[in-house]
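K.L.:
Chain by chain, the residues run as shown.
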Amino acid sequence: KAGVTQTPRYLIKTRGQQVTLSCSPISGHRSVSWYQQTPGQGLQFLFEYFSETQRNKGNFPGRFSGRQFSNSRSEMNVSTLELGDSALYLCASSLSIVSGGPSFHEQYFGPGTRLTVT
Amino acid sequence: AQKITQTQPGMFVQEKEAVTLDCTYDTSDQSYGLFWYKQPSSGEMIFLIYQGSYDEQNATEGRYSLNFQKARKSANLVISASQLGDSAMYFCAMTPNNNDMRFGAGTRLTVKP
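These protein sequence lines map, in sequence, to chains A and B.
Position in the first sequence (first residue = 1) + 25 = the numbering used here.
Position in the second sequence (first residue = 1) + 22 = the numbering used here.
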């Protein structure tokens, strides 16, 4: 079974531009989560989608948005890029079906997209 | 919101020895899942082990075991018989609802030959 794929793997943008990152989950996984990883802030949760609906979001400004398509593929968009948006953006998928316990599902991560804003 | 604390920024262990990576968490939820992930220098996050809050037995997966102490809200990862390939960042994570997973700051483990 193919793993989580993310495109592009590397991206260089300038301040003020916008960027769209793509994530294809493992076949059969309907939950997709996005994370930002930086040396200073660590791994921070951006948002999670399930069946095209955003179920939860982290504490990020509105410049960060996402969506999920009917085939579970997801995209995240960052508008008006700032230097501080330079990071590794990780996407993860899981089998998560219901919100809440008692069973919890591990997430499988893609290789990430390394975004550099100059 | 839940908070995950990993107090060891870096750890060293001799090859073939066991090592314990600490993780404590803070949550008001009664039901939650705890996870450990490994991130080698390549950057990809690799799932290692899972423990449910209602599981009475500590989880084990090969050389990995999770020392779960619910009353203390700790979920330490134990790696037995360390190998050079175990050198990586290790992250503890928790979710109360399957749609919001939070991670600790991570511990960098270095295995010495």
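Misleading hints may appear alongside valid ones.
Stated by the list, open to error - Simulated pairs of lysine-lysine, DSS-like, Cα-Cα distance not exceeding 27 Å: (1) Lys134/B with Lys38/B; (2) Lys25/B with Lys134/B; (3) Lys134/B with Lys82/A; (4) Lys82/A with Lys38/A; (5) Lys95/B with Lys82/A; (6) Lys25/B with Lys95/B.
As the list claims (entries may be wrong) - Reference excerpt, derived from the structure (chain B facing chain A, CB under 7 Å, subset only): (7) Gly55; (8) Phe57; (9) Gly65; (10) Glu66; (11) Phe69; (12) Leu70; (13) Ala81; (14) Thr82; (15) Tyr86; (16) Thr117; (17) Asn121; (18) Asp122; (19) Phe125.
As the list claims (entries may be wrong) - Ranges between beta-carbon positions, derived for each pair: (20) Thr39/A with Arg85/B: 40 to 48 Å; (21) Asp48/B with Gln66/A: 35 to 43 Å; (22) Asn102/A with Ala93/B: 26 to 34 Å; (23) Arg98/A with Ile68/B: 32 to 40 Å; (24) Lys95/B with Ile37/A: 40 to 48 Å; (25) Pro62/B with Leu36/A: 29 to 37 Å; (26) Gly87/A with Lys92/B: 44 to 52 Å; (27) Ser63/B with Phe94/A: 15 to 23 Å; (28) Thr39/A with Ala93/B: 37 to 45 Å; (29) Ser63/B with Ala27/A: 17 to 25 Å; (30) Arg139/A with Gln105/B: 23 to 31 Å.
Since the hints were made in silico from the structure, they are not lab data.
Computed from a predicted model, the values in this text were never measured in an experiment.
Even for Gly, the Cβ is constructed at its ideal location relative to N, Cα and C.
K.L.:
Now tell me, hint by hint, if it's right for this structure.
P.N.:
Taking the hints in turn, this is what the structure says about them:
1. Lys134/B with Lys38/B: Status holds; Cα separation ~9 Å.
2. Lys25/B with Lys134/B: violated (31 Å)
3. Lys134/B with Lys82/A: Violated, because 40 Å separates the two Cα atoms, which is more than 27 Å.
4. Lys82/A with Lys38/A: Holds - the C-alpha atoms of Lys38/A and Lys82/A are around 25 Å apart, at most 27 Å.
5. Lys95/B with Lys82/A: holds (25 Å)
6. Lys25/B with Lys95/B: holds (11 Å)
7. Gly55: holds (3 Å)
8. Phe57: holds (6 Å)
9. Gly65: holds (5 Å)
10. Glu66: Since chain A brings a Cβ to about 5 Å from Glu66/B, closer than 7 Å, the hint holds.
11. Phe69: holds (4 Å)
12. Leu70: violated (9 Å)
13. Ala81: Violated, about 11 Å.
14. Thr82: Since the shortest Cβ distance to chain A is 15 Å, the answer is violated.
15. Tyr86: Status violated, d = 13 Å.
16. Thr117: Constraint on Thr117/B satisfied, holds at 6 Å.
17. Asn121: Since chain A brings a Cβ to about 4 Å from Asn121/B, closer than 7 Å, the hint holds.
18. Asp122: Given a least distance of 4 Å, the restraint on Asp122/B holds.
19. Phe125: For Phe125/B, the interface hint holds, since the closest Cβ of chain A sits about 4 Å away, which is under 7 Å.
20. Thr39/A with Arg85/B: 40 to 48 Å: holds (46 Å)
21. Asp48/B with Gln66/A: 35 to 43 Å: violated (19 Å)
22. Asn102/A with Ala93/B: 26 to 34 Å: At 44 Å between Cβs, range violated.
23. Arg98/A with Ile68/B: 32 to 40 Å: With a Cβ separation near 22 Å, Arg98/A and Ile68/B fall outside 32 to 40 Å, so the hint is violated.
24. Lys95/B with Ile37/A: 40 to 48 Å: Check passed, 42 Å falls within 40 to 48 Å.
25. Pro62/B with Leu36/A: 29 to 37 Å: violated (22 Å)
26. Gly87/A with Lys92/B: 44 to 52 Å: violated (38 Å)
27. Ser63/B with Phe94/A: 15 to 23 Å: violated (33 Å)
28. Thr39/A with Ala93/B: 37 to 45 Å: violated (52 Å)
29. Ser63/B with Ala27/A: 17 to 25 Å: Given a distance of about 23 Å, which is inside 17 to 25 Å, the answer is holds.
30. Arg139/A with Gln105/B: 23 to 31 Å: Given a distance of about 28 Å, which is inside 23 to 31 Å, the answer is holds.
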